[in-house]
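K.L.:
All chains, please: the whole structure from these sequences, using the hints.
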Amino acid sequence: MNEQFNQAHYDIKQQITHYEHDLDHFWTTLTGAVVLIMQLGFAFLEGGCVRYRNIQSIIIKVYANTAISIIMMWIVGYGLMMGKTNDSQFNGISGFSGFRFKDHPESYADFVFNTALAAAANSIVSGGAAERMSIPGYIALSVLFSGFIYPICIHWAYKGWLYDLGYHDFAGSGAIHLTAGIGALVVTFMLRPRTNRFNPQFESQFKPSNTTFICLSCLTLYMAWMCFNSGSTLALSDGSVFTVGNSIANTMVGGASGGLFVFFYHYFTNRNTDSRFSLVMVCNGNLAGLVAVTGSNDEIEQWAAFVIGIIGGIIYVLVAKILHKLQIDDPVDAIPIHAGCGLAGAMCPGWFDRRRGIYYEWGAYQWGVQVLGCVCFVAWSVAWHYVACKILERLNLLRVHNRIEMEGLDPTICGGHAFFYEPVREQEMKEPYSFQRDIQQLEQKSISFQIS
Amino acid sequence: MNEQFNQAHYDIKQQITHYEHDLDHFWTTLTGAVVLIMQLGFAFLEGGCVRYRNIQSIIIKVYANTAISIIMMWIVGYGLMMGKTNDSQFNGISGFSGFRFKDHPESYADFVFNTALAAAANSIVSGGAAERMSIPGYIALSVLFSGFIYPICIHWAYKGWLYDLGYHDFAGSGAIHLTAGIGALVVTFMLRPRTNRFNPQFESQFKPSNTTFICLSCLTLYMAWMCFNSGSTLALSDGSVFTVGNSIANTMVGGASGGLFVFFYHYFTNRNTDSRFSLVMVCNGNLAGLVAVTGSNDEIEQWAAFVIGIIGGIIYVLVAKILHKLQIDDPVDAIPIHAGCGLAGAMCPGWFDRRRGIYYEWGAYQWGVQVLGCVCFVAWSVAWHYVACKILERLNLLRVHNRIEMEGLDPTICGGHAFFYEPVREQEMKEPYSFQRDIQQLEQKSISFQIS
Amino acid sequence: MNEQFNQAHYDIKQQITHYEHDLDHFWTTLTGAVVLIMQLGFAFLEGGCVRYRNIQSIIIKVYANTAISIIMMWIVGYGLMMGKTNDSQFNGISGFSGFRFKDHPESYADFVFNTALAAAANSIVSGGAAERMSIPGYIALSVLFSGFIYPICIHWAYKGWLYDLGYHDFAGSGAIHLTAGIGALVVTFMLRPRTNRFNPQFESQFKPSNTTFICLSCLTLYMAWMCFNSGSTLALSDGSVFTVGNSIANTMVGGASGGLFVFFYHYFTNRNTDSRFSLVMVCNGNLAGLVAVTGSNDEIEQWAAFVIGIIGGIIYVLVAKILHKLQIDDPVDAIPIHAGCGLAGAMCPGWFDRRRGIYYEWGAYQWGVQVLGCVCFVAWSVAWHYVACKILERLNLLRVHNRIEMEGLDPTICGGHAFFYEPVREQEMKEPYSFQRDIQQLEQKSISFQIS
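Protein chains in written order, with full-length UniProt numbering: chain A, 1 to 452; chain B, 1 to 452; chain C, 1 to 452.
No lab work stands behind these hints, which were simulated from the structure alone. Among the clues, some could well be false.
Given that identical chains are not distinguished, each listed pair holds provided it fits within a single copy or across any two copies.
[To be verified] The list that follows gives simulated cross-link-like pairs (lysine to any residue, SDA-like), each with its CA atoms no further than 20 Å apart: (1) Lys390 / Phe420; (2) Lys13 / Glu3; (3) Lys325 / Asn2; (4) Lys13 / Thr269; (5) Lys207 / His417; (6) Lys207 / Asn270; (7) Lys13 / Asp238; (8) Lys159 / Tyr267; (9) Lys321 / Arg276; (10) Lys207 / Ala140.
P.N.:
Structure (structure tokens):
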């Protein structure tokens, strides 16, 4: 009897543990699938920020990097990121992770989630490349980023030495957004500004060409960000569902406070102009708040998310101003949002985390580790992006030819404008005729006048 | 042995109960996160209905109210809505709910879901404010709505005296859509129509400027509505998953029958005109069906959902006509859809609910309670919106200046049009130069002619 | 004691089994709800491919078929599809399935999922109908397709004789995409090409009018496809979650390799033209890869998904070329993508499936069954679509009047263009005046000429 009982008890325990795993895998897979919709967000964010003549070109970059990230993560990136055989840090590469999945079905969920995140990170870099980077050059950079630069940072932060030191960056303000944002900075810096960007005469030319794209993008990102952040629990069972709930609540609040702060700040600094209410500013503020709250949303309270959102907003405004002063031309504000707020967000676990932060009197150790992590991400990202851009420059694959830039990448290398009105074109085709006909009629009239 | 067995049995029971809670929390959180995408729906629905010159302004309103709803729900709304200390009805306000979450992790899911719903409700009101309401005025109204007007209705319906009476409004046809739709009605009425709206000469000016936005919006809302409705189970375990399935099936069917009814109705009443097939009508009919089925989709059969969808369609068509007759100018049809069909939807549990409805011979008590609830929501919403609009009118924050309205809010206070074609602008900028150059070339030629 | 123990053990086992069912139902319902967003994808895919003058008309078709599919599936389709009383194949029709749901709550999830899939399939057919099919004719076809043609194929493949033979088509490359794609082919063929389509002079007129719509669509479809594919497990419990993970990973990889292949292929064949980078090609390649991997993504390895994606890309390019040669005018490339790649995808379980495929030395039986299945789907789809089109042609409901086609369906029967810039319209309103003013000036001049 006793044995039977023990056996039954053990079986049921096993079955329940199976469920825990099922639920956890399911959650990670589902959030991974939803996070892929962020690519839509980035495509339209960048498409809305650039000039009409370059919309297709930047969307092509985002679409291509989505596919490239998936393939590179499968071939080599996921192995680099999560592999840890023989206790060395860099050896996931050996097995070409993708080929081993059949023996490790428990890796699928993790692979799907991390791949979706890698695609998002890759898209951030493309922001810096907008309107002037050569498409083959960008593709090469994208292969390097998703196959090497990015996976190593993730490895450090979630598997490697930084993790061992206690580095905590819940959904990746530092490892993801900072790394990618710094990539965008280096690319932007190496590319130099778009022609006439800082010529006051042409200031108005560089306004976002489609604010509805930006709104479409940011509301999509807002929704997906909640899966991005809460999926980072990689679990639902055993209390994780409360972390998921907290995480989503914090993401909501942080994004909202960031958006409102920037919206009102813009209103007060522009209250006598005709642009005192700005859709672009509330969108970017929203993103700034979301990036800032990404690193710490698992273990902070809502008031902290509110504060962090505002910090994100402040940093966005400041960094955007500094970049403009320095004449670093970032067409889609990727640097202030992802590098600036990403850095701030990676500091936040050291300040506001209920189980680690200075505010809760846990001392400054955690904060020190966070700083160390960020220094490493920045150094790593700067180094590789700089080298990559230098090589691309040599190969004449960095910046498109001046003529292409002036006419726009869409009509010169992407097959035409992103969209157009037919009537305009028909008008164009018809008008000469009808106009001439009118003229002729008029002339006939005047002739008849003369005759009469 | 017996003790050991009891202990083990108890442990496992506990663990299973834990799972139930995990699943329920997870479901509520996930649907809450997905429901936030409805903000995208409302932004583009309203952006597509207004004239080109006001697209940004209305999207700014929706975006701002999204952020405001989240912050207000966190600060005070959720407490008002769900708080019930000391058995009084209005006392959730005391503790500033947000600050107490750390002790009640089980509230996160509920908070996320209710906040997403509050944002959706708030966006409905913005429909009435389109194209002429001052943005600061709208923001003030939005704070009042999400921080006070709306939470009290939800409290009555799902926690307070109406709930105690047996009021049943599954996902909120009455408490959410009717309350918000009546808000839109009062705002629209107090604002008075847009200039020239009912001047037949300008009729064509007020057609929706972008039907693709409306389609984008309605299909997004259709998908999100299934989470909106089914998430209202707040549970997955213990049979709730069947309610979820029934709810989604009914939402599908109700939306489809509403859309088809209005589509065919429009066809038969316009079959000899050049607008006999209307995308806007199938979209609005779809929404009408969805709103109507919102209140009762948990416990009705599919045929009832089909019928309710058609009832929604009929009410939409009727109310829209009546409003047009009364010259109440509702730019985005928020009143017929949300107030009209919301009212009908809140009646439906009294008619078609398998466990409460007149059709199933449960008597008219339920229906009476539903009527009572709707009367209260209407009275409450009318009263506060009227007072708020009166105050805003005094402060000159209700309607924008006539000049701003005529030129459009976008170019006058939102920094320019929502989107534009560059070529047009480039043409404008280049033409003078190239023209002059051509002139010069021509003059040079004529000079050379003269010389030769 | 023993009895008590057995009872408790049994109870707990039961409870756990309940959970399994809850989880499975939940998963099927959720993915069904998400799959409905594919309608947004198809609406914008087709809206972006057609000329500006027909955008509303094609979106109306997609929207209407969404509603029609839901209603028809409820009334008769789901019964035909899943009914199997008295062991005959065609008898689900008897009970009008919708009316029996109350006794079978376990069917809701399945109904929701299958209905969303039916709507997607129906939209595929609408691609062939773009820009020239009569809307009432299309609606009639849509009723036939979702109420009869499609459910029978699904019945064969997942319940009926093909299933009994061992036909394996995980998420429906054959039963769904091939059936619908062949429908598009027949419709396109019977409709004959759009006027001037193959007149080289007008070649440029038929370029997609809005590539951003296409991108919006394809990224939405990419995300939803992961739910489409993985939801086809209809289960999460008992190890199914690993199939879900594998399925999503394969969907990601297959879509990416298809997109990249077509992108680079297009680049190398057009590398000296101004359209060497093509957003439309990477989007269509992505879809081609997704369709190809749909049939087999549950039991293949990632390398196979990669290969299948490329096969999909190759077939897309080839079939599109052949159709162009044959002057079969498929405005949205529905035939190469859904019929071509659907056929290839339905073969793949016979080749690459780890538990069935030739590659893994399981022999050619599976492949033979797959071929048989595809032959039946093609024959069935061709026969009914041909008959339907012939009848519609007789009733003069197949193709719109030539005048309507030339001016576009939007301005002639859909109430106007899909979207417009107000300034243009204001221009139009102002122009008469300014034109007359010009005329007057001209006349004055001519008068002064006469005078002088």
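K.L.:
Now look at each hint and say whether the structure bears it out.
P.N.:
Hints versus structure:
1. With identical chains, the CA atoms of lysine 390 and phenylalanine 420 are never at most 20 Å apart, being 37 Å at best within one copy and 36 Å at best between copies.
2. Proximity of lysine 13 and glutamate 3 under a CA criterion of 20 Å is satisfied in both settings, with 15 Å inside one chain copy and 18 Å between copies.
3. Proximity of lysine 325 and asparagine 2 under a CA criterion of 20 Å is satisfied in neither setting, with 78 Å inside one chain copy and 78 Å between copies.
4. Proximity of lysine 13 and threonine 269 under a CA criterion of 20 Å is satisfied in neither setting, with 62 Å inside one chain copy and 60 Å between copies.
5. When the C-alpha separation of lysine 207 and histidine 417 is checked against a cutoff of 20 Å, the pair qualifies both within a copy, at 18 Å, and between copies, at 11 Å.
6. Proximity of lysine 207 and asparagine 270 under a CA criterion of 20 Å is satisfied intra-copy only: 16 Å inside one chain copy versus 32 Å between copies.
7. In this homomeric assembly, lysine 13 and aspartate 238 come within 20 Å of each other (Cα to Cα) both inside a single copy, at 14 Å, and across copies, at 15 Å.
8. Taking CA atoms no more than 20 Å apart as the test, lysine 159 paired with tyrosine 267 passes in neither setting, with 44 Å inside one copy and 39 Å between copies.
9. For the identical chains of this complex, lysine 321 and arginine 276 are intra-copy neighbours only, at 17 Å inside a copy versus 37 Å across copies, given an alpha-carbon limit of 20 Å.
10. For a Cα distance limit of 20 Å, the shortest separation of lysine 207 from alanine 140 qualifies neither inside one copy, at 29 Å, nor across copies, at 29 Å.
Hints 1, 3, 4, 8 and 10 from the earlier list are contradicted by this structure; the remaining hints agree with it.
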